[in-house]
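FYI, the numbering for the sequence shown is 1 to 708, going by UniProt numbering.
If you are wondering where the hints come from, they were derived from the structure by calculation, not from laboratory data. Each residue gets a CB set at the ideal place from its N, CA and C atoms; glycine is no exception. Take the hints with a grain of salt, since some may be wrong.
[Claimed, not checked] Label-pair distances were calculated between CB atoms; the ranges are: (1) I203 to S523: 28 to 36 Å; (2) E441 to S523: 26 to 34 Å; (3) S523 to N334: 34 to 42 Å; (4) S274 to P23: 25 to 33 Å; (5) E123 to I203: 30 to 38 Å; (6) R576 to A146: 54 to 62 Å; (7) H226 to L318: 26 to 34 Å; (8) I203 to F391: 44 to 52 Å; (9) E123 to L290: 45 to 53 Å; (10) A603 to A146: 37 to 45 Å; (11) A524 to E574: 40 to 48 Å.
[To be verified] Below, in silico cross-link-like pairs of lysine to any residue (SDA-like), each with a Cα-Cα straight-line distance of 25 Å or less: (12) K658 to E704; (13) K446 to E422; (14) K238 to E422.
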Amino acid sequence: MKEWNLRIELKSDFCTATGENAPGMISSKTALEYGIPKIPAKRIKGCLLESGRELADNGMIAEGLLPRIFGCPGSLGGEGIRVGDGHLGVVPEYLFNQEKKEDFVIRDYEQFLKNVKDCPDIEEYLLEDIFTRKRTRTALERTGTASAHSLRTVQVVPVGLVFCSRIEGSLSQEEEQALLLCAKGLRHMGIGITRGMGEVRCILEGAVLKETETRKMNTALFQTIHPEQEVSLPYEIKLKLPLILEGNAGEVADQIQGSAILGAFAGMYIIRHSLGANAHKDADFCRIFLRDGVQFGNAFLKKDGKEYVPCPKAFAVLKDDRTVWFNTMKDEENRRRKNISEHICLKDGCLYKVAPDKEIHFHHARPADRAIGHAQNDRAEDKKAAAGQFFQYMALSAEQIFTGTLRGKASDIQRLVECLEENGYCLMLGKSRTAEYGGCELHISKHPAVEQKYENAACGKDWLVWLISPFVSMCQESGLFEIEAGPLMEEMSKELNCSIELEHSICSCTVLQGYNSRWRLPSAPGPALAPGSAFHIKTERDVEAWEIEEKRWGMMTGKGCGQVKAMPWKDCQEGRIVEEENSNPDQTWRDDGADGEDDGLFAAILEYQGRRFRWEADAGKVLNTINKQERELPSSSDITLLIQLLKGRDGKPGTYKKLKEEVERIRGEEKKQRILTFIKPCEGESVEFMERYLEAAKWKARREENHE
Numbered sequence: 001m002k003e004w005n006l007r008i009e010l011k012s013d014f015c016t017a018t019g020e021n022a023p024g025m026i027s028s029k030t031a032l033e034y035g036i037p038k039i040p041a042k043r044i045k046g047c048l049l050e051s052g053r054e055l056a057d058n059g060m061i062a063e064g065l066l067p068r069i070f071g072c073p074g075s076l077g078g079e080g081i082r083v084g085d086g087h088l089g090v091v092p093e094y095l096f097n098q099e100k101k102e103d104f105v106i107r108d109y110e111q112f113l114k115n116v117k118d119c120p121d122i123e124e125y126l127l128e129d130i131f132t133r134k135r136t137r138t139a140l141e142r143t144g145t146a147s148a149h150s151l152r153t154v155q156v157v158p159v160g161l162v163f164c165s166r167i168e169g170s171l172s173q174e175e176e177q178a179l180l181l182c183a184k185g186l187r188h189m190g191i192g193i194t195r196g197m198g199e200v201r202c203i204l205e206g207a208v209l210k211e212t213e214t215r216k217m218n219t220a221l222f223q224t225i226h227p228e229q230e231v232s233l234p235y236e237i238k239l240k241l242p243l244i245l246e247g248n249a250g251e252v253a254d255q256i257q258g259s260a261i262l263g264a265f266a267g268m269y270i271i272r273h274s275l276g277a278n279a280h281k282d283a284d285f286c287r288i289f290l291r292d293g294v295q296f297g298n299a300f301l302k303k304d305g306k307e308y309v310p311c312p313k314a315f316a317v318l319k320d321d322r323t324v325w326f327n328t329m330k331d332e333e334n335r336r337r338k339n340i341s342e343h344i345c346l347k348d349g350c351l352y353k354v355a356p357d358k359e360i361h362f363h364h365a366r367p368a369d370r371a372i373g374h375a376q377n378d379r380a381e382d383k384k385a386a387a388g389q390f391f392q393y394m395a396l397s398a399e400q401i402f403t404g405t406l407r408g409k410a411s412d413i414q415r416l417v418e419c420l421e422e423n424g425y426c427l428m429l430g431k432s433r434t435a436e437y438g439g440c441e442l443h444i445s446k447h448p449a450v451e452q453k454y455e456n457a458a459c460g461k462d463w464l465v466w467l468i469s470p471f472v473s474m475c476q477e478s479g480l481f482e483i484e485a486g487p488l489m490e491e492m493s494k495e496l497n498c499s500i501e502l503e504h505s506i507c508s509c510t511v512l513q514g515y516n517s518r519w520r521l522p523s524a525p526g527p528a529l530a531p532g533s534a535f536h537i538k539t540e541r542d543v544e545a546w547e548i549e550e551k552r553w554g555m556m557t558g559k560g561c562g563q564v565k566a567m568p569w570k571d572c573q574e575g576r577i578v579e580e581e582n583s584n585p586d587q588t589w590r591d592d593g594a595d596g597e598d599d600g601l602f603a604a605i606l607e608y609q610g611r612r613f614r615w616e617a618d619a620g621k622v623l624n625t626i627n628k629q630e631r632e633l634p635s636s637s638d639i640t641l642l643i644q645l646l647k648g649r650d651g652k653p654g655t656y657k658k659l660k661e662e663v664e665r666i667r668g669e670e671k672k673q674r675i676l677t678f679i680k681p682c683e684g685e686s687v688e689f690m691e692r693y694l695e696a697a698k699w700k701a702r703r704e705e706n707h708e
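Make the full structure from the sequences, and use the hints.
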């Protein structure tokens, strides 16, 4: 595996529109991450591919190389390079109007982002104000006047910033040379490239062998365990990038399915052992991945030290009081109630509920005719040719933690951990994992558990048991799937070696679906009991909770099915509900990133924050003076033009002298004198003061115009 660094230097203002806007203020927003601009990986990969196609048309690149470099739609295993988001690498000093002669270099972007997020004095709007600008444009009629309702304000990233994107893949020397040419040929990105925006200069820096991390202590844990011993290995998955995983109904899943984790491990295993298309003939591969030799459990959200699972359908809240939950199996009054859809954690009588953070991403695939710069969808006249498409993804947000377990023989689990170590403990999950999505880091949270015993484990005969993943069973006689509680009760009775009495149950059904990427066909659907299905049972003998929870019940346990949660019946009656905020990731995750990086830029942001307050206060005093003197402000459109002139054509701010020279070119004497009087307070002031003064005056003028 090789790794490259793609440097993207902005030679003009730049906007990678995301489909978002700020009504009344910004028509098109650029891609941001906590107020810091970024270039989405899909845009980078698409632009590199487009550059390669132009070079191929001119005979500079062999046509057959591009599919091997960038992959083909729906290709098995996601062949080709993997492209990461473009993050800030170099910040020009002029953004802070400082005397510093050198630009700020961000050496560790993730650590820098973490520092600004953790600093209470740095808010998102401040970073957005520093790293972006606003540009307005309008359409003109043939007469030269502006078209009605055509004014648009675009948020842009100013010239001079440098972004860095990591690219990795296994390429031959010929393919690597073609990728280098694609980067050199990439000259424009984003929107407005025919109107002076989006000019870039790209450099693909030298390839190096990807270093494998040296964390070998995890495989050493298995040396004292017999290879045939059944073990349970807890793990945590941290999302480094947004993750797209569809549930059974087509919506975005609230957890990471075991089948997705199984697929990621299977891909690593095939590469490590060079199995290729003959993986199904390898005995170890068949045992681990095809015959449920290792049970890949679903991974559920973890936050603030609490693990959240699907809520049992027996729990509900009162229609008139959403702060109290109760067990509907015990509700003799049949009160009006509402089901709980979020994932829950029941602790000390309190029910904590939370839903994972999700976000919408917009994308656009260009038509086959590269002269058309936008997706036509169904508006195209020629339905046979690819007309492009505008689409959206719903994804789980990055920086969230999910926790689960692997169960199987120690020797098989060790093989999987060795695959992890070779891949630097990184997983690629879900859709579009070659660009912008699916990057995860897996961390083994505890030692492999051999003894299935826990301290202070709940024990008793009266239980509430509910499914946290689908339960699949099949009648041995008819060969049909069963969607009743009977098969689960029979299996539990046999495994626990005692009779079980089912007192009450609340069940629902689902359909398990999937997609066979090898054959590019949907997997055969099958019915199953849905997560949340709840059962009130009584056992003949005292049973501990781990005896029920550690076992995976039914079929398809290798893909995460058959997981259950058990609690004593007396602890599942009613209690208080606590709403968790969906903001910060779990604090127990440890990052080895070094502190103290990029202190110069961090200090410059804090200094800018302090100066910003002073500029706004001074600008407000000047405007109040104008009010007392009853001087008329210029129109909001004239002030907007002054703001554009102040920002300069090259993206660098101008001066009062240049601003005054531009105003003196106005032919109308009355208008010229009014504007000169208006900007007189800016003489001798800093550029930041002039920006605040003009911005505040613009909004004041708009309010006055609206009142008229």
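Here's how the hints hold up against the structure:
The hint said 28 to 36 Å for the Cβ distance between I203 and S523, and at roughly 44 Å that hint is violated. Range check, E441 to S523: about 28 Å between beta-carbon atoms, so the 26 to 34 Å window is met. Judged by the Cβ atoms, the range 34 to 42 Å given for S523 and N334 holds: they are separated by roughly 41 Å. For S274 and P23, the Cβ-Cβ distance of about 55 Å falls outside the hinted range of 25 to 33 Å, so the restraint is violated.
About 34 Å separates the C-beta atoms of E123 and I203, a value consistent with the hinted range of 30 to 38 Å. Between R576 and A146 the Cβ separation comes to about 59 Å, which falls inside the hinted range of 54 to 62 Å. For the pair H226 and L318, the supplied restraint of 26 to 34 Å is violated, since their beta-carbon distance comes to about 53 Å. The hint said 44 to 52 Å for the Cβ distance between I203 and F391, and at roughly 31 Å that hint is violated.
Taken as a hint, the range 45 to 53 Å holds for the pair E123 and L290, whose Cβ atoms sit roughly 51 Å apart. Taking 37 to 45 Å as the suggested C-beta distance range, the pair A603 and A146 conforms, at roughly 44 Å. Take A524 and E574: their Cβ atoms lie about 42 Å apart, and the range 40 to 48 Å holds. For the proposed pair K658 and E704, the alpha carbon gap of about 28 Å is over 25 Å, so the pair is violated.
Pair hint K446 plus E422 holds up; C-alpha atoms about 20 Å apart against a cutoff of 25 Å. At most 25 Å may separate the alpha-carbon atoms for a hinted pair to count; K238 and E422 meet this at roughly 18 Å.
The structure does not agree with the numbered hints 1, 4, 7, 8 and 12 stated previously, though it agrees with the rest.
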